[in-house]
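Protein chains in written order, with the working numbering: chain A, -9 to 413; chain B, -9 to 413.
Treat each hint with caution, since some may be false.
Now the stretches of chain A that chain B is said to cover, found in silico as 3 or more residues with beta-carbon under 8 Å [claimed, not checked]: (1) 33 to 42; (2) 87 to 94; (3) 273 to 286.
Here are some chain B residues the structure puts well away from chain A; computed CB gaps all over 12 Å [stated by the list, open to error]: (4) D13; (5) Q34; (6) G41; (7) R60; (8) P105; (9) E141; (10) P161; (11) G163; (12) P186; (13) E193; (14) T220; (15) V268; (16) S346; (17) L407.
Please keep in mind that the hints were generated in silico from the structure rather than gathered at the bench.
These numbers come from a predicted model, not from an experiment.
Even glycine gets a Cβ: it sits at the ideal position worked out from N, Cα and C.
Chain by chain, the residues:
There are 2 protein chains.
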Amino acid sequence: METLSIGQEIIAACEQLGRHSDDPDGLTVAYLSPAHRAVAAELQEAMAAAGLTVTVDALGNVLGRLACGRTGARTLITGSHFDTVRNGGRFDGRLGIVLPIALARHLTETGERLPFDLEVIAFAEEEGLRYASTFLGSSPLVGQFDASVLERSDASGVRMRDAMKDAGLDPDGIAGLRRDPERLLGYYEVHIEQGPVLLQAGEALGVVTSIAGGVRHSCRVIGTAGHAGTVPMPLRHDAGTAAAEMVLALETRCRAAEGVAVVGTAGRFEVVRGATNVIPGECRFTIDLRAAENGPRDRSLADVLQACREIAARRGVGFESELTMNVPATPCTPAWVDALAAAVTALGLPARRMPSGAGHDAMMMGRAMPMAMLFVRCGNGGVSHSPQETMSAADAGQAAAATLGFWRSLGRSVRDLPAGPRE
Amino acid sequence: METLSIGQEIIAACEQLGRHSDDPDGLTVAYLSPAHRAVAAELQEAMAAAGLTVTVDALGNVLGRLACGRTGARTLITGSHFDTVRNGGRFDGRLGIVLPIALARHLTETGERLPFDLEVIAFAEEEGLRYASTFLGSSPLVGQFDASVLERSDASGVRMRDAMKDAGLDPDGIAGLRRDPERLLGYYEVHIEQGPVLLQAGEALGVVTSIAGGVRHSCRVIGTAGHAGTVPMPLRHDAGTAAAEMVLALETRCRAAEGVAVVGTAGRFEVVRGATNVIPGECRFTIDLRAAENGPRDRSLADVLQACREIAARRGVGFESELTMNVPATPCTPAWVDALAAAVTALGLPARRMPSGAGHDAMMMGRAMPMAMLFVRCGNGGVSHSPQETMSAADAGQAAAATLGFWRSLGRSVRDLPAGPRE
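With these hints in hand, go ahead and build the complete structure from the sequences.
In structure tokens form, the structure reads like this:
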């Protein structure tokens, strides 16, 4: 396999898919929008051209199957999502679809047979942009589909159920998408890092050890509004400066975390009904805390909330926080992590082991089966969820080579299904 | 004079005026709105009933004159504004109109003659709610009228010039409202404190020494947006936590000010396009700094901006600030301050001398003539610019008694105009 050449093919495929967008500027592809349907159609064509047998499931996921021809062979699922955030990047999600399609074409052309069936799944929805239905595409495969999302409406008042029917999909068929884990080897996903770690280290690839769990709180500080000119400093109960001290406490605690890295973000921060000449009476901010292990994350959260309460008490303001999300960390399968790291090392590359701070379809799939993830260096300072997201063809090619090496090593240890009735 | 009785009369008059509002809930009276015109009409009636000769000037100010009957007598102007902020208080501004009307009625009834003409002016606009035209009512009297505001439009697209014509006013007559300072004794204003200082001290009245000058900056912090899960803490350039550190630097600097008190407020603070799972890439906040003297205020501002620049440099983020307002402090006339303090002391009350953190019509009038201000205790924690603003009848009565004492003391030192042609 010519590594750089397949890398260029992968980059070109992402660029091609990136031409479809709901917005004329930037890249926005929401579930079942015209751009989304155009991308799905192109993916079907690309899969078919690569020798895969293509189907579209009840939810709109696009599946391409490369059967190995042996009865009793299990299936390795690999893939990622093709929807985007608003004004997103061209590689986020799509890399994990077009890379295995390129490899499937390579296998088809060279006649190499893996000892398992390969199934490339382009998940129709992971970002949750249109219906706040994160992991929509992968959830039914592992029995985690929440049917209530079908009744949600988008910003224009269109129910998901109706949008699906309009696209020729079958909402009532989603429950039947659950896979029998016995028939599966597991799930593997290639994804752009979406951060600066590999870029700063000067390394092309990273082997994911765990997908960080996230916990989020929505916080509210209640102070006393007042005239900015007439209330002396010692008599103030300023909700804004109290909240400022709290978000700095969050930052300080996360910076000081030892052992497992913890990241903490106050992504929203706003003085409610703020005016230049009024002492803030109310301030709201959010806490997002993540770590590759739940323990360090939860200890950090407890410390931060305790610090917030102490700051509030000292300043004579009220503090309320509400848990809005709590997703446990999902460790990758250790034997697969080792095998993937060995495949990277075999290319002469360092095999950095690192957590994934972002959630991925692998997080959902990993709840029911063995799972591994490969990260690829993100250019341009590591910026993602942005049109500035970039990746080099050389890195994409190395990721393809490492993936093929990992699949071959999986093949050496594969156990077929016992004989008997099967699908 | 029965102090408590006149206090009750003053409170009742403020309650009565407070029934007119542009909003059914709260108290909002914008320049020339239906509620504003209703208040103006009631003020004309009240002035006439108190024995004052009433006129309405080209701008909509309501003037009530109590002539002393001596040729060559100078005029003491006293008053305040009757417009409000959005959802404002019943005493802010109006107290300084209804109190002298009540005193004028008392003088008319008792036959007491002051040795100067008294002119009560109800200024039509000071808050700038509808046209951002702060001090509109008082500015033409001292030659500070900015005619360009006539061309401004309100939120509904109505030009001020047209709103004035619709109300029967004469925009082109405003320039002629300038008063000859030679004919004036000066300006005196009674105002609710709008802060908690007198309340906390347990004192009814305060003698204003200076009206604080305000300086405002609009600040912008430019960091690097990023995925909240994927960028390690040491690699972040978070605009939100940088701005949080800056507003705490503002608070710390003002708390530490020695000698002249300085108050600093970050009334607006917002992560631009903030999202829970995105590291803030941009944050905006405002700085409002005030002190009774310009020097301490300007030194505090310089220190705070320097601290912001140092924080920005250390964190690797950009910092920009833009001066949006710079009004110098206006000292009250020292001899008048002493006379007013003596009038308070004569009532058996402590005469606390204090700066005014808020701007008032007295600030504008004081640019052209002697000026003094009396503050009256604000109840309910000192909250103002709010429907929760309160004042006791006892305090209002003490304010009336102190005012009458001050006027009498002014009368003892009054000099008439030289003989000659006059208006």
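Here is what the structure says about each hint:
With 0 residues carrying a beta carbon less than 8 Å from a beta carbon of chain B, the stretch 33 to 42 of chain A misses the three-residue requirement, and the given coverage is violated. Coverage of the stretch 87 to 94 of chain A by chain B is violated [criterion: at least 3 residues with CB-CB distance below 8 Å; count 0]. Counting residues of the stretch 273 to 286 of chain A whose beta carbon lies closer than 8 Å to any beta carbon of chain B gives 4, which meets the minimum of three for the stated coverage. The Cβ of B/D13 lies farther than 12 Å from every Cβ of chain A, with a closest approach of about 15 Å, so its non-interface assignment holds.
Every CB of chain A is more than 12 Å from the CB of B/Q34 (nearest about 30 Å), matching its label as outside the interface. Distance check for B/G41 against chain A: the nearest CB is about 34 Å away, which clears 12 Å, and the non-interface claim stands. Look at B/R60: its CB is around 39 Å from the nearest CB on chain A, clear of 12 Å, so calling it non-interface holds up. For B/P105, the condition that its CB be more than 12 Å from all CB atoms of chain A holds, with the nearest at approximately 35 Å.
Annotated as non-interface, B/E141 keeps its C-beta farther than 12 Å from every C-beta of chain A; the closest such distance is 24 Å. With a least beta-carbon separation of about 28 Å from chain A, B/P161 lies farther than 12 Å from that chain, consistent with its non-interface assignment. The Cβ of B/G163 lies farther than 12 Å from every Cβ of chain A, with a closest approach of about 31 Å, so its non-interface assignment holds. A beta-carbon of chain A is positioned within 12 Å of the beta-carbon of B/P186; the least distance is around 5 Å.
Annotated as non-interface, B/E193 keeps its C-beta farther than 12 Å from every C-beta of chain A; the closest such distance is 15 Å. Not every Cβ of chain A is farther than 12 Å from the Cβ of B/T220; the closest lies at roughly 3 Å, contradicting the non-interface assignment. Against chain A, the non-interface label of B/V268 is violated: not every CB pair exceeds 12 Å, the least being about 5 Å. Consistency note on B/S346: stated as away from chain A, yet its beta-carbon is not over 12 Å from all of that chain's, at 7 Å minimum.
With 12 Å as the threshold on Cβ separation, the claim that B/L407 sits away from chain A holds: the shortest Cβ distance comes to roughly 37 Å.
When the structure is compared with the earlier hints, violations turn up for hints 1, 2, 12, 14, 15, 16 and for no others.
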